[in-house]
Amino acid sequence: MPQLSAKSDTTKSIQYSLNRWPALAYYCEDGQAEIDNLIAERALRGVAMGRRNYLFAGADSGGERAAAMYSLIGTARLNGINPEAYLTYVLERIADHPANRIDEMMLWKVAQYLPDTAKIAPIR
Numbered sequence: 000m001p002q003l004s005a006k007s008d009t010t011k012s013i014q015y016s017l018n019r020w021p022a023l024a025y026y027c028e029d030g031q032a033e034i035d036n037l038i039a040e041r042a043l044r045g046v047a048m049g050r051r052n053y054l055f056a057g058a059d060s061g062g063e064r065a066a067a068m069y070s071l072i073g074t075a076r077l078n079g080i081n082p083e084a085y086l087t088y089v090l091e092r093i094a095d096h097p098a099n100r101i102d103e104m105m106l107w108k109v110a111q112y113l114p115d116t117a118k119i120a121p122i123r
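If you're matching positions, the sequence shown starts at 0 in numbering that gives the first Met the number 0 and goes up one per residue.
No wet-lab data here; the hints were simulated from the structure. Among these hints, one or two may not hold up.
[Claimed, not checked] With beta-carbon atoms standing in for the labels, derived distance ranges:
| # | residue 1 | residue 2 | range |
| --- | --- | --- | --- |
| 1 | G30 | W107 | 46 to 56 angstroms |
| 2 | S70 | G30 | 24 to 34 angstroms |
| 3 | L23 | A58 | 40 to 50 angstroms |
| 4 | A120 | A98 | 47 to 57 angstroms |
Glycine included, every Cβ here is placed at the ideal spot set by N, Cα and C.
Just need the whole structure built from these sequences, with the hints factored in.
Structure, rendered in structure tokens:
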């Protein structure tokens, strides 16, 4: 039986697959695992598109606030909740809400109180 050269494209392809075997096995065993990272890439698309605008966020704290907002908006969209509805709900109540119960304002707890119109198709 002929042997392949260690430098051949076929050998490199096989080695590439073998190096990633645990991840492939995990993907095959777990029905929720994604084969690629397109969800993450799509979630970052807005950040990449606005990169030049962020130069004018002011100080570093302005950039940190923008990042926090992107995180909240992205999490809402990934979970099938209209970000505007979620943020409106939270901002209308946060001033009077006790700080020691801030976890009650988390998306997964607030979602049950939002109207059905606040539901959107989750990003996939």
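Which hints, by number, does the structure contradict?
1 and 4
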